[in-house]
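In case you want the letters, here they are:
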Amino acid sequence: MAEFGKQLERLEAIVRRLESEDLDLDEALKLFEEGVERLRVAREQLAQAELKVKKVLEIESSGSPADR
Amino acid sequence: MAQAIDLFAAASAEGAWTVGEVTRRARALIEAGLPPLWIRGEIAGFKAWRSGHWYFSLRDKAAQIRCVMFAKQNYMLPAPVDGMQVFVFARPSMYEEKGEFQLTVSELLSTETDGLWKLAFEKAKASLAKDGLLDPTRKRRLPLYPRRIAVVTSPDGAVLRDIQSVVGRRWPVAELIVVPAQVQGAKAEASVCSALNRIRRLPVDVLIVGRGGGSIEDLWAFNSERVARAVAAMPMPVISAIGHETDVTLCDLVADFRAPTPSAAAEAATPDRAEVLAQCAVVGQRLTRALRIASRHVVERLERSGDRLTRCMDHRMQAYDVRLTSYAARLDALSPLRVLARGYAMARDEQGTILKRIDQLPSGKEFRLRVTDGEVHGRVR
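So the sequences go chain by chain: V and P. Residue numbers for the first sequence follow our numbering, beginning at 62 and rising by one. Residue numbers for the second sequence follow our numbering, beginning at 723 and rising by one.
Since no wrong hints were added, every one of them can be taken at face value.
Straight line, CA to CA, 30 Å or less: simulated DSS-like cross-link-like pairs of lysine-lysine:
#  : chain 1 : residue 1 : chain 2 : residue 2
1  : P       : Lys861    : V       : Lys113
2  : P       : Lys909    : V       : Lys115
3  : V       : Lys67     : P       : Lys861
4  : P       : Lys794    : P       : Lys840
5  : P       : Lys861    : V       : Lys116
6  : P       : Lys783    : P       : Lys845
7  : P       : Lys840    : P       : Lys861
8  : V       : Lys67     : V       : Lys91
9  : P       : Lys794    : P       : Lys820
10 : P       : Lys794    : P       : Lys845
11 : P       : Lys909    : P       : Lys852
12 : P       : Lys845    : P       : Lys909
13 : P       : Lys847    : P       : Lys794
14 : P       : Lys909    : V       : Lys116
15 : P       : Lys820    : P       : Lys769
16 : P       : Lys769    : P       : Lys783
17 : V       : Lys67     : V       : Lys115
18 : P       : Lys861    : V       : Lys115
Source of the hints: derived by calculation from the structure; they are not laboratory data.
Please model the complete structure; the sequences and the hints are all you need to start from.
Following this line, the structure appears as structure tokens:
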């Protein structure tokens, strides 16, 4: 899973670029497509997410030196 | 005199007491005559041994008594300092090996409410402050969209349940990594430190350290300087939710964010999914609007170019027109019809070949003669 924050940051950058610059239609379309795709992925992540809970044992039976 | 003799009669190997017998007897007498009791006094000459046992004197203006408090009695207590007024619950006894009257202390309280704890708290706090660990500028911002949230807490308490439910509702995108720790009792300090140490190496975006409410003794692990320093040294932002809002622990002070409850901690650690979805909808609208605007720019530019092209073509066509007219005039001047009009005639055979020389016109040859207004047929005689 791509990092959600990065995904939103990139989206924001795409929208800004589309909004502010006099782009070629070709480039504008490319940015738009990327934006739509990222948005779709982000929404999917939000919609499908189910909290994963992982328990890490405080002291593993082996007691590796890294635990101390 | 007889009495004197009797007295000296006991000064023999059989009659005299040994030192050990006296101290043993004295100890028995003291322990029988003075049951364990509360004693008030001032701490002097306090020394904590490596074994964990504490040695000090308890004194007032009139007297002083040697005291010992063994590690198994004092392990949960912050150490007192000299000059502190305390109550001790102690068993008066005799330390036979040294022949010293002493108190074996099982409870030690400051005469001031929670005095020992407060003192220890202030000492540790001062030490943390000296190292700049309480500096507000140290506080880091919490991540906006955390991927992994670690929780150090008791594995089966309400704290974990609350955090899990809030994160599950608001930001299930995240992964919750639970590192169980003992949050109360003798092993709490070591257990919390070990849990923190474990998380230090995990790719975690934010950490919640949680503990439900309790007495100042119950919360003590989170007032330990060792735990506070471990929290301060965590590589990721830490949210502290210890006890009730009124109990400020050292852990709260060094954390990047202090939450009044475990639920509030979970809220601080997460964005709300519904809000983020709404934000996504806005981004989607901006995307389409921006594309529409961008394409309109392109269309306008195309139209402008089209106009220029047309203007350009018009101009060209005019120029062609002028040139065509002049070519037409010149062509007209060169036209053979013009020559015929001046009275010349042109002879051609059936195939249209122009007959210009005598040898092309033998006797009897048929030809057509083109004159200015038409053609006539003829034959050479």
